[in-house]
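*Asks:* Going line by line, the protein sequences match chains A and B. Under my numbering, the first residue of the first sequence carries the number 1, and numbering increases by one thereafter. Under my numbering, the first residue of the second sequence carries the number 1001, and numbering increases by one thereafter.
Treat the hints loosely; a few may be bogus.
DSSO-like mimics (lysine-lysine), calculated; alpha carbons at most 30 Å apart, straight line [claimed, not checked]:
{"no.": "1", "chain 1": "B", "residue 1": "K1025", "chain 2": "A", "residue 2": "K191"}
{"no.": "2", "chain 1": "B", "residue 1": "K1018", "chain 2": "A", "residue 2": "K300"}
{"no.": "3", "chain 1": "B", "residue 1": "K1002", "chain 2": "A", "residue 2": "K192"}
{"no.": "4", "chain 1": "A", "residue 1": "K417", "chain 2": "B", "residue 2": "K1047"}
{"no.": "5", "chain 1": "B", "residue 1": "K1014", "chain 2": "A", "residue 2": "K295"}
{"no.": "6", "chain 1": "A", "residue 1": "K295", "chain 2": "B", "residue 2": "K1018"}
{"no.": "7", "chain 1": "B", "residue 1": "K1025", "chain 2": "A", "residue 2": "K417"}
{"no.": "8", "chain 1": "A", "residue 1": "K216", "chain 2": "B", "residue 2": "K1078"}
{"no.": "9", "chain 1": "B", "residue 1": "K1047", "chain 2": "A", "residue 2": "K358"}
{"no.": "10", "chain 1": "B", "residue 1": "K1047", "chain 2": "A", "residue 2": "K216"}
{"no.": "11", "chain 1": "A", "residue 1": "K300", "chain 2": "B", "residue 2": "K1078"}
{"no.": "12", "chain 1": "A", "residue 1": "K358", "chain 2": "B", "residue 2": "K1078"}
{"no.": "13", "chain 1": "B", "residue 1": "K1014", "chain 2": "A", "residue 2": "K145"}
{"no.": "14", "chain 1": "A", "residue 1": "K300", "chain 2": "B", "residue 2": "K1002"}
{"no.": "15", "chain 1": "A", "residue 1": "K124", "chain 2": "A", "residue 2": "K67"}
{"no.": "16", "chain 1": "B", "residue 1": "K1025", "chain 2": "A", "residue 2": "K300"}
{"no.": "17", "chain 1": "A", "residue 1": "K295", "chain 2": "B", "residue 2": "K1025"}
{"no.": "18", "chain 1": "B", "residue 1": "K1078", "chain 2": "B", "residue 2": "K1002"}
{"no.": "19", "chain 1": "A", "residue 1": "K191", "chain 2": "A", "residue 2": "K257"}
{"no.": "20", "chain 1": "B", "residue 1": "K1002", "chain 2": "A", "residue 2": "K295"}
{"no.": "21", "chain 1": "B", "residue 1": "K1047", "chain 2": "A", "residue 2": "K29"}
{"no.": "22", "chain 1": "A", "residue 1": "K257", "chain 2": "B", "residue 2": "K1018"}
By construction, these hints were calculated from the structure, which means they are not laboratory data.
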Amino acid sequence: MALHCGRSCRQYLLHLAHDHVDFRLPEIKALLSLRGRQFDPSENFQERSPFWRLNGLSEDDARSIMKRTVCGKSVFELWGHGATQTELKTSLLEYPAENMAPYLKQESTYKINVYTFNKTLLFKDRIEKIDALDFLPFEGKVNLKDPDHVFCLLEDYGSDPNDIPEKPLYMYFGRWIADGQRELIRSYSVKKRHFIGNTSMDAGLSFIMANHGRVKAHDLVYDPFVGTGSLLVACSHFGAYVCGTDIDYNTIHGIGKASRKNQKWRGPDENIRANLRQYGKEHLYVDVLVSDASKPVWRKEALFDAIITDPPYGIRESTRRTGSHKDITKPPDDFSGESHVPVSMAYHLSDIFTDLLKFAAQHLVLGGRLVYWLPVYRPEYCEEMVPMHPCLTLISNCEQTLSSHTSRRLITMEKTKEPEETDALAHLADPRFRPYQGHNSFREKYFSGLTKKSSREHSKTSSDGGE
Amino acid sequence: MKLLTHNILTSHVKGVTKGYPLLIKATEVRVNEVEFNPQFVSRMIPKLEWSALVQAAEGDLPSSLIQDYENNEEFLRKVHRVLLEVEVIEGCLQCPESGREFPISRGVPNMLLNEDDS
Chain A
1 MALHCGRSCR QYLLHLAHDH VDFRLPEIKA LLSLRGRQFD PSENFQERSP FWRLNGLSED
61 DARSIMKRTV CGKSVFELWG HGATQTELKT SLLEYPAENM APYLKQESTY KINVYTFNKT
121 LLFKDRIEKI DALDFLPFEG KVNLKDPDHV FCLLEDYGSD PNDIPEKPLY MYFGRWIADG
181 QRELIRSYSV KKRHFIGNTS MDAGLSFIMA NHGRVKAHDL VYDPFVGTGS LLVACSHFGA
241 YVCGTDIDYN TIHGIGKASR KNQKWRGPDE NIRANLRQYG KEHLYVDVLV SDASKPVWRK
301 EALFDAIITD PPYGIRESTR RTGSHKDITK PPDDFSGESH VPVSMAYHLS DIFTDLLKFA
361 AQHLVLGGRL VYWLPVYRPE YCEEMVPMHP CLTLISNCEQ TLSSHTSRRL ITMEKTKEPE
421 ETDALAHLAD PRFRPYQGHN SFREKYFSGL TKKSSREHSK TSSDGGE
Chain B
1001 MKLLTHNILT SHVKGVTKGY PLLIKATEVR VNEVEFNPQF VSRMIPKLEW SALVQAAEGD
1061 LPSSLIQDYE NNEEFLRKVH RVLLEVEVIE GCLQCPESGR EFPISRGVPN MLLNEDDS
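Make a model of the complete structure from these sequences and hints.
*Replies:* The following block contains the structure:
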């Protein structure tokens, strides 16, 4: 297969990590859109493959994406590809010599790596494969430690670890350009963070959320269920100014019982601001406030560039709202006695999402994004259950399985219209705009699924001949 | 609490229609040095209620927005200082209509309402 013409027709090979597979495409698309680019894959594009061939990009575009992505491992300028050794060779010989020349000069040094997906190769096999490429006009010297240019032969041995073929199903060869940001998953690990809670988001997912949300430098980002601020930490890494609110006084002030094993109480340097300071981002800290997300405290205007949040599911931390005496639940653990949640009312999950979407429609800038997790009871899930709003357009919906019967979905929406008075009546015209049903008993269903009672009920239903 | 936040906060006490801006009653204020970012300040200015900011700034800012502020570094630096460097550590915010007070402690405002005023 020929890779023809000049700079503009170059193909780039994106090598992705085999992690959070469903979240990768929306991440890459969001990052491309930050560069004003469309996602333009080659023919035979397979979303679940670790190798994506992309068109319509410049090298700068590719580098910019790698500066943000945690799903992408590396990107290469693609010189050749094929299903067999012969096809690969033909493809490489057809690649314009003038495109290769700048990187093969006599004065420069180089190295060739071999990467195999779903197979371990012996050292001698690697060497053999590199030697098989000696038809390429490399003029410089090999330098394994610090070469000027790095090249890579990537081989795809399929996706079944129990059925690994003798020969690769597909091969690529290209010039390495840049690595992605997977290192952030380690360096921002929650294990090393000063201040954590039971529901702190793992680093990889928090960066994915910031990317889905197109968070960028000079933005103002808000999290209405901020907890320990893990999402704000990720957003600040990309240069955004951050603020958040939470109904829990102790979490906001960083006091009370610690979540770490072997630690009883939180120390003096454990709060959201301290987390930002830990990563050198304190200058991006705006404020955190104690506030009830169902009763917004902000001016009713387009204030935020993005809203990135993980609302409570009602499992580990129960959902709360200030209000009347109807459903008095256990008073919150209150270290200092200053907590000001007068009465906790069960905040029905359906209301959380209705409120959140309405809030986003009013307070996001046009083009700004809302990214949030939606807890799902899998046996009853259907796409129509995803909350909608006339001012917000659904961009992506990615599932992360939590158990056999529960999962959470990362929903990304973009504000495409300013709110009008008629929007309050939208649900009358279209049932999808109605308050979200099906989540009110999420907490109940989550726990019932784990008991024997539930399984007995299931067998009873089937023996009754269905519904 | 930074003055940027104060500028976008409003009273949500039940029945209140003129809950903005909240009155600042500060007992402890701190001024820190925060890295100046002209782009962020320029982008924030259109979202701000200028007169409320001038009032909160107590004399440090001109009463009306100057023209072509995006290119005026001196002006942007003044706005930056007011928005991000001045912090109310202790005190409260008062709803201008109902008189309800929201305490600020350790730099964090508590906006929670009781059953009677929500």
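*Asks:* Give a verdict on every hint.
*Replies:* Evaluation of the provided hints:
For a cut-off of 30 Å, the pair hint linking B/K1025 to A/K191 is broken: about 40 Å separates their Cα positions. For the hint linking B/K1018 to A/K300, the alpha-carbon distance of about 13 Å falls within 30 Å, and the restraint holds. A hinted pair counts as satisfied when its Cα atoms are at most 30 Å apart, and B/K1002 with A/K192 qualifies at roughly 28 Å. Between A/K417 and B/K1047 the CA atoms are separated by roughly 18 Å; this keeps the pair inside 30 Å, and the hint holds.
As the CA atoms of B/K1014 and A/K295 are separated by approximately 10 Å, the hinted pair is consistent with the 30 Å bound. As the CA atoms of A/K295 and B/K1018 are separated by approximately 16 Å, the hinted pair is consistent with the 30 Å bound. Restraint check for B/K1025 and A/K417: not satisfied, since their Cα atoms lie roughly 38 Å apart, outside the 30 Å limit. Straight-line distance between C-alpha atoms of A/K216 and B/K1078 comes to about 24 Å, which keeps the hinted pair within the 30 Å bound.
About 19 Å separates the Cα atoms of B/K1047 and A/K358, which keeps this hinted pair within 30 Å; it holds. A C-alpha spacing of about 18 Å is found between B/K1047 and A/K216, which places the hinted pair at or below 30 Å, so the restraint holds. Straight-line distance between C-alpha atoms of A/K300 and B/K1078 comes to about 26 Å, which keeps the hinted pair within the 30 Å bound. Of the supplied pair hints, the one linking A/K358 and B/K1078 is violated, its CA atoms being roughly 35 Å apart against a limit of 30 Å.
Annotation: proposed proximity of B/K1014 to A/K145 is violated, straight-line Cα distance about 68 Å (limit 30 Å). Annotation: proposed proximity of A/K300 to B/K1002 holds, straight-line Cα distance about 19 Å (limit 30 Å). Between A/K124 and A/K67 the CA atoms are separated by roughly 34 Å; this puts the pair beyond 30 Å, and the hint is violated. For the suggested pair B/K1025 and A/K300, the alpha carbons sit about 24 Å apart, so the restraint of at most 30 Å is met.
For a cut-off of 30 Å, the pair hint linking A/K295 to B/K1025 stands: about 23 Å separates their Cα positions. Between B/K1078 and B/K1002 the alpha-carbon distance is near 14 Å, which keeps this suggested pair within the 30 Å criterion. A distance of roughly 17 Å separates the Cα atoms of A/K191 and A/K257; the hinted pair therefore holds under the 30 Å criterion. Between B/K1002 and A/K295 the alpha-carbon distance is near 21 Å, which keeps this suggested pair within the 30 Å criterion.
For the proposed pair B/K1047 and A/K29, the alpha carbon gap of about 29 Å is at most 30 Å, so the pair holds. Between A/K257 and B/K1018 the CA atoms are separated by roughly 40 Å; this puts the pair beyond 30 Å, and the hint is violated.
Checked against the numbered hints above, the structure violates hints 1, 7, 12, 13, 15 and 22; every other hint is satisfied.
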